[in-house]
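Participant: Sequence:
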Amino acid sequence: MTSMFKRFLGNESGATAIEYGLIAALISVVMVVAVTSVGTAVSKTFATVAAAL
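Numbered by our numbering, the letters in the sequence shown go through residues -17 to 35 in order.
Derived by calculation from the structure, the hints in this document are not laboratory data.
Ideal placement from N, C-alpha and C gives every residue a C-beta, glycine not left out.
Incorrect hints may appear among the rest.
[Stated by the list, open to error] Simulated restraints on C-beta separations:
1. PHE28 <-> ALA6: 31 to 37 Å
2. THR22 <-> SER(-15): 56 to 62 Å
3. ALA(-3) <-> VAL20: 31 to 37 Å
4. TYR2 <-> THR22: 44 to 50 Å
Turn these sequences into a full structure, and let the hints guide you.
Facilitator: Quick look at the structure:
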């Protein structure tokens, strides 16, 4: 029973999967923020051009 518990504590494959999941979530959040800010800037530019025409 003790050796099985030590093996369980030594197994890091679950921790690695969680880390990769957190990294993917962080990258997704950064991408959404970047696309939103760029989209807002482009929208303002098109509105300015349309008003000038």
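Participant: Each hint: holds or not?
Facilitator: Results of checking the hints against the structure:
no. : hint                           : verdict
1   : PHE28 <-> ALA6: 31 to 37 Å     : holds (32 Å)
2   : THR22 <-> SER(-15): 56 to 62 Å : holds (58 Å)
3   : ALA(-3) <-> VAL20: 31 to 37 Å  : holds (35 Å)
4   : TYR2 <-> THR22: 44 to 50 Å     : violated (31 Å)
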